[in-house]
Amino acid sequence: MKTKILMAVMSTALLLGSGQAQKAAPATSTGVATHWKQIAIPELPPFKPKQPKRLVLSNGMIVFLTENHELPLISGSALIRGGSDSEPAEKTGLVEIYGATWRTGGTDKLSGDQLDDFLEARAAKVETSGAEANTSISFNCLKADFNDVLGILVDLLRRPAFREDKLTLEKKQMYSSISRRNDETGEIASIQTDILGYGKQSAYARIPEYATVAKVTREDLLQWHKKHVAPNNIIFGVVGDFDSKEMEAALRKYFDAWPKGEKVGESKVTIAPEKPGIYVVDKNDVNQSEVRMISLGIERRNPDYFALQVMNEIFGGGFSSRLFTNLRTKAGLAYAVGGGVGSEWDHPGLTVLDIGTKTATTADAIKALWEQVDLMKKDAPSETEMKRAKDAILNSFIFNFDTPAKVLREQETYEFYGYPKDFLERYRAGVEKVTAADVLRVANKYLHREQLKVLVVGNTSEFEKQLAALGPVTPIDITIPGPEANAKQ
Amino acid sequence: MRRLRAYLPLLMLFCALQIAFAQDLASFEKRVHIKVLPNGLTILLLNRPEAPVFSFYTMVDAGDAQDPKGKTGLAHMMEHMAFKGTNNIGTTNITAEKAALAKVETAYAAYDRENNRVNRDDKKVAELKAEWEKAREEADQYVIKNEFGEIIERNGGVGLNASTGLDSTRYYYSLPANRVELWAYLESERFLHPVMREFYKERDVVMEERRMRTDSSPTGRLIEQFLSVAYDGSPYHRPGIGYMSDLNHFSATDAANFFSTYYVPSNMVVAVVGDLDFEKTFAIVEKYFGRIPSGPKPEEYVTEQTKQSSQRTVLLHDPSQPFYIEGYLRPSYRDKDDVVYSVISSVMSEGRTSRLYRTLVRDRKIAMTAAGFSGFPGNKYSNLYAFYAVPSQGHSAAQVGNAINEAVGKLKSDGVSPDELKMVKTRAKANLIRGLANNQGLAMKLAENQLKYGDWRELFRRIDKIDAVTNDDVKRVANQIFVDSNRTIGILETNSAKGAQR
Numbered sequence: 001m002k003t004k005i006l007m008a009v010m011s012t013a014l015l016l017g018s019g020q021a022q023k024a025a026p027a028t029s030t031g032v033a034t035h036w037k038q039i040a041i042p043e044l045p046p047f048k049p050k051q052p053k054r055l056v057l058s059n060g061m062i063v064f065l066t067e068n069h070e071l072p073l074i075s076g077s078a079l080i081r082g083g084s085d086s087e088p089a090e091k092t093g094l095v096e097i098y099g100a101t102w103r104t105g106g107t108d109k110l111s112g113d114q115l116d117d118f119l120e121a122r123a124a125k126v127e128t129s130g131a132e133a134n135t136s137i138s139f140n141c142l143k144a145d146f147n148d149v150l151g152i153l154v155d156l157l158r159r160p161a162f163r164e165d166k167l168t169l170e171k172k173q174m175y176s177s178i179s180r181r182n183d184e185t186g187e188i189a190s191i192q193t194d195i196l197g198y199g200k201q202s203a204y205a206r207i208p209e210y211a212t213v214a215k216v217t218r219e220d221l222l223q224w225h226k227k228h229v230a231p232n233n234i235i236f237g238v239v240g241d242f243d244s245k246e247m248e249a250a251l252r253k254y255f256d257a258w259p260k261g262e263k264v265g266e267s268k269v270t271i272a273p274e275k276p277g278i279y280v281v282d283k284n285d286v287n288q289s290e291v292r293m294i295s296l297g298i299e300r301r302n303p304d305y306f307a308l309q310v311m312n313e314i315f316g317g318g319f320s321s322r323l324f325t326n327l328r329t330k331a332g333l334a335y336a337v338g339g340g341v342g343s344e345w346d347h348p349g350l351t352v353l354d355i356g357t358k359t360a361t362t363a364d365a366i367k368a369l370w371e372q373v374d375l376m377k378k379d380a381p382s383e384t385e386m387k388r389a390k391d392a393i394l395n396s397f398i399f400n401f402d403t404p405a406k407v408l409r410e411q412e413t414y415e416f417y418g419y420p421k422d423f424l425e426r427y428r429a430g431v432e433k434v435t436a437a438d439v440l441r442v443a444n445k446y447l448h449r450e451q452l453k454v455l456v457v458g459n460t461s462e463f464e465k466q467l468a469a470l471g472p473v474t475p476i477d478i479t480i481p482g483p484e485a486n487a488k489q
Numbered sequence: 490m491r492r493l494r495a496y497l498p499l500l501m502l503f504c505a506l507q508i509a510f511a512q513d514l515a516s517f518e519k520r521v522h523i524k525v526l527p528n529g530l531t532i533l534l535l536n537r538p539e540a541p542v543f544s545f546y547t548m549v550d551a552g553d554a555q556d557p558k559g560k561t562g563l564a565h566m567m568e569h570m571a572f573k574g575t576n577n578i579g580t581t582n583i584t585a586e587k588a589a590l591a592k593v594e595t596a597y598a599a600y601d602r603e604n605n606r607v608n609r610d611d612k613k614v615a616e617l618k619a620e621w622e623k624a625r626e627e628a629d630q631y632v633i634k635n636e637f638g639e640i641i642e643r644n645g646g647v648g649l650n651a652s653t654g655l656d657s658t659r660y661y662y663s664l665p666a667n668r669v670e671l672w673a674y675l676e677s678e679r680f681l682h683p684v685m686r687e688f689y690k691e692r693d694v695v696m697e698e699r700r701m702r703t704d705s706s707p708t709g710r711l712i713e714q715f716l717s718v719a720y721d722g723s724p725y726h727r728p729g730i731g732y733m734s735d736l737n738h739f740s741a742t743d744a745a746n747f748f749s750t751y752y753v754p755s756n757m758v759v760a761v762v763g764d765l766d767f768e769k770t771f772a773i774v775e776k777y778f779g780r781i782p783s784g785p786k787p788e789e790y791v792t793e794q795t796k797q798s799s800q801r802t803v804l805l806h807d808p809s810q811p812f813y814i815e816g817y818l819r820p821s822y823r824d825k826d827d828v829v830y831s832v833i834s835s836v837m838s839e840g841r842t843s844r845l846y847r848t849l850v851r852d853r854k855i856a857m858t859a860a861g862f863s864g865f866p867g868n869k870y871s872n873l874y875a876f877y878a879v880p881s882q883g884h885s886a887a888q889v890g891n892a893i894n895e896a897v898g899k900l901k902s903d904g905v906s907p908d909e910l911k912m913v914k915t916r917a918k919a920n921l922i923r924g925l926a927n928n929q930g931l932a933m934k935l936a937e938n939q940l941k942y943g944d945w946r947e948l949f950r951r952i953d954k955i956d957a958v959t960n961d962d963v964k965r966v967a968n969q970i971f972v973d974s975n976r977t978i979g980i981l982e983t984n985s986a987k988g989a990q991r
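Protein chains in written order, with my numbering: chain A, 1 to 489; chain B, 490 to 991.
Since the hints were made in silico from the structure, they are not lab data.
Note that CB positions come from ideal geometry on N, CA and C, so glycine has one too.
Treat the hints loosely; a few may be bogus.
[Unchecked claim] Pairs of lysine to aspartate or glutamate residues, derived as DMTMM-like cross-links and limited to a Cα-Cα distance of at most 20 Å, are as follows:
(1) A:LYS171 x B:ASP852
(2) B:LYS911 x A:ASP364
(3) B:LYS964 x B:ASP903
(4) A:LYS330 x B:ASP693
(5) B:LYS690 x A:ASP364
(6) B:LYS558 x B:GLU793
(7) B:LYS914 x A:ASP364
[To be verified] Simulated restraints, written as ranges between beta carbons of each label pair:
(8) A:LYS330 x B:SER799: 47 to 53 Å
(9) A:LYS50 x B:GLY722: 55 to 61 Å
(10) B:VAL525 x A:ASN147: 44 to 50 Å
(11) A:ASN284 x B:THR959: 35 to 41 Å
(12) A:LYS330 x B:ASN737: 19 to 25 Å
This is chain B alone, in the form it adopts within the complex:
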């Protein structure tokens, strides 16, 4: 890996990077404080006093991979419900409201049961539906709409949002630094006693989200089909947003059960970054988050992905322009070769020097963009290393697919050059440094590394691991994974004939 051609400026650059990097790790060791509360909740605090603001990131170690059978999309639905308020927020009378909500559940269960019967009685369904709707109206009278979000916004909260993936659920926003106690109250309240109010209206909202992301988007349609074929056994074969029929079926009771199983302190990490006083903040955090009752870490078993033995293909004829994606099964992020995949992604896809850009976009001009990436659609379990390309005008998905194959073949036979490897390592360090100047980004990285590896320092250690990757590693992993029998291909081909698609 050593080449004498390396001239002085480059060598100096390398030294400068090493020093900067070491300083950052050392300074971070001093500035990051971690505590596990008696109830099992892990809290990370990082002081970054650049301006009187702070950001946080709450991560729950459960996502749509944990959706029960027949209830796809439930983890995502629960995320929406976490904005609906608590016993103390969003209600005019919690006792009366809870009684009314219990009636809604009884009425819904009766309606849902009849509605799903193979020999259903339509008249009875209509009656039960009317009763359910009446019960909902009854419960709705106690609701103060969107009070939870309103409190945050009125207090200067920005970036208020959340997201649900297959692996985890995340909540985040930023506030001025004088609102730490208010934040601790609100964020702990949310996970202490959430209320499943307005559940069925919010389900309608989520159905609109599905129509937008999946049903009405050409790539959304392809990806849903692609993942359903690429995976079997693994929960990754189901769409995170949920099947429409499941969205029409699951109940507030289901969401409450999901919550009590997975939203336990031992299954959560909260990271806070900004202008904070450690002692005061910890005292506040302990006071409020300590209220959440402890619970056992939930069952972690999921059905394993079966070993693939033959190539699979999804071919979608669609009115839109073509698109190509292929994926190869690889082990979870805990695999010792995880960083090797990062190196492959960087060489294949990062910047204008990347192989896919240079061959498919620049030289052959057959693609607008092309890239490879890991962890599709998650990485907690066996997952796909995927390549995709957007064909240029007049070029087909098959053409870009062939070109990707050639590039992958070259990676398998020749590996990567010393220059490429050096570039990847330099960029990994620089990217890390660039990410350190942002409260929200840092909170995310700390929470993510703590949750996944049990130690936030993995954020830095990963750079050392990338530094140790050799060309042999790249060739070995590429030859192991990138084989036809381990591949699923997804092709969207233009169907010019107009007609109702769905």
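This is chain A alone, in the form it adopts within the complex:
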């Protein structure tokens, strides 16, 4: 949770937000190009990445296998349906606690500490975690240890113990996280972004409080496991140095006899964004304001997804985007700036524009972002911008599938969310067809200055006056509720 603290100050970097053949102009006689346009770009050799082998066991468990013999390693992960978006509001944090305690709490045979000893002596890893739509268990080991590691994985899936001492430990960790969540402007802004975007009561925005964490019991963890971890709710992918037939046999031996459970249904999450306006959080120990502009984005299966990816690339993606060029390079207003219309697999993502600027230029930065939104909606992008954006997406396309593990992960994701398995191909084709008129159309459909919630986390007393000129300002109180205050909620 907090381990990145030191890394952040150890080095400084040039932070950034994120194929066709080229005909060459004539080069000089020595063959050394003096201009980049003189360099011929040969066709990229055809590359068809190996697709994973898909199996459906009789109990409904879906398995993907990808052989990769480069190194003597095997790794894999199981996605299990059901995540924090369906946890009860009064126990917010349950899935995060479950995700940690599942592994640390051990199995019926071995305690979590014994698992640590066993696995770390082999430089192997088995980890569990909780997310919004799913929980997961993953492993990574040397080929020689695979059978031992698989045995542990199966025990954790079928006979986890959720020992009480590890629940206590994890709750203590959660309390500590809660106590620290107002220390850094970035973390404050992230929490408030979700709240403004999805609404305070939404499962996509709720955050664990002392009281909600306190309510979580061992019984809750056991029940969650019982309800969700059944073969017909699992997608299991394995990649590495193995023989597919042998692997299939090994997995069948362990999983074939596992009886089906109740299918996890779709979760229904309320989305009720807060009203547009300017919101401020006071943090008086900083000299830089963290500004975010927020509204609801789209779900990835929306047919406008492709046009929006091109628009995002032009607007706020990478080095030569409008936001980077105008607000950072030209105006020198920020180090970190970016943004675009967000998307998620199974619900609308958030559109977030963000910039970090010195306190004195807070209002200037807000106005500059607004101006960029207006410009994006006013005229269709130029031919040059369109070409740049589409080239960037299409020429880097290969990096979506340049390792077997990436290909496997894509297929697991499509399976999990019910997307066509050639979604990546459709994406490529979709982007190719996008026109400047499409970009203008989606900019006007999804970017609305008047619907944006403007959030500023910073030294309020020093920028109040600047902001007052922009409209009414709503202060947000981020005081952390004590265990009692929250108990009635």
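Knowing the structure of chain A, use the given hints to seat chain B on it.
Same frame as chain A, now just chain B:
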């Protein structure tokens, strides 16, 4: 170190690891090609034909430790400038632009001189500032903004970035395999004739970076103070990002001078990993990188860290939650005991079996995380072996500090167990193997080992050295280094009273 209790599966595991490891080294010997160009530039190529892509890593043997006095942050500033283009990229008219940029420098020097005078004349400062700004506008008309990055992005570049540490500066990204020649052109152009355009705007950007990383971050504030107290003499006592006043002072001319001193081929290593044909790639690389003029390896002297004789403490009262860090001076990475520190870090901090996790996090529940690590903030010169802990809710920095002390005391008196030592050695090998499946990671490791040790094979040899570490080594080094008079403590204590901090 031998114990008969070791049962069969464990023994088999060990054999399997040995074999895998030997194979990797042998296969790497065949696949890594190295060449030093006539201008002194070292090039490493590794063929890894898993997919038609490649990654590279350019490493310059100079970082913010080389910042001249009064110009802290200059190496990092130069890194930002390496994205601004060249004589051929990012300009509509290089001749006119260069003339205009020269005028900017003259105007800036006049302004900066007056601005820094103790008895400065404010009216004159304002006039000179206006002239400087006018000159900048003049020069700006020739700029094609961000063309360098745009070319890379349009060609499918991913992971385009760079970083500057105290010891070195690094540049990297990945491209599809059909763009090797384009890459060689761009990366050599960048170091053949960079142009310091838009320098003062970019300085504003770097100041924002400082506000983000240091001024507005509680741990950022503590670390800056901590390092300034822990070090004296050594350039590590100054912040790599630079002091705000230096950022407001140094010029494009300073960056150009830094560039011509340190960005010489003999001071640089480039590693390329991916789907490459050796002969063709070398021919291309020689053709383009060979254009960079040679230069002498720059002066390597830096002021040495003084020997510490008493414990030092930094106590920061801050509105945020507590944090603890302590550091002990140790010799540079060239020290023969360097791997012993790695063993100590692994035993103390790696995984849930580590001592600090088990005592501070699991059993006593006084910390969220706790770890020890070497090389803070660099390792080319004498540096800190540091321990830090993030106290759990309701626990103080002093409490976690005491617990760390106990754990360090135990390490000094009892050393490490045979099981722990075995685990460290197994993990070192496995970690190496895991790192071999990634073009960008490999390029980094090859460049780093070549630059630091003069031989990329050190990446593998280090594993043999770790294998040779004994419990006596651990105890000896721990007792030598972890003593109070060699320590600096940094404490961030919560100051609940609200008020303007800075």
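How the hints compare with the structure:
no.: 1; hint: A:LYS171 x B:ASP852; verdict: holds (14 Å)
no.: 2; hint: B:LYS911 x A:ASP364; verdict: violated (59 Å)
no.: 3; hint: B:LYS964 x B:ASP903; verdict: holds (7 Å)
no.: 4; hint: A:LYS330 x B:ASP693; verdict: holds (10 Å)
no.: 5; hint: B:LYS690 x A:ASP364; verdict: holds (16 Å)
no.: 6; hint: B:LYS558 x B:GLU793; verdict: holds (15 Å)
no.: 7; hint: B:LYS914 x A:ASP364; verdict: violated (55 Å)
no.: 8; hint: A:LYS330 x B:SER799: 47 to 53 Å; verdict: holds (51 Å)
no.: 9; hint: A:LYS50 x B:GLY722: 55 to 61 Å; verdict: holds (57 Å)
no.: 10; hint: B:VAL525 x A:ASN147: 44 to 50 Å; verdict: holds (47 Å)
no.: 11; hint: A:ASN284 x B:THR959: 35 to 41 Å; verdict: violated (53 Å)
no.: 12; hint: A:LYS330 x B:ASN737: 19 to 25 Å; verdict: holds (20 Å)
When each numbered hint is compared with the structure, violations occur for hints 2, 7 and 11.
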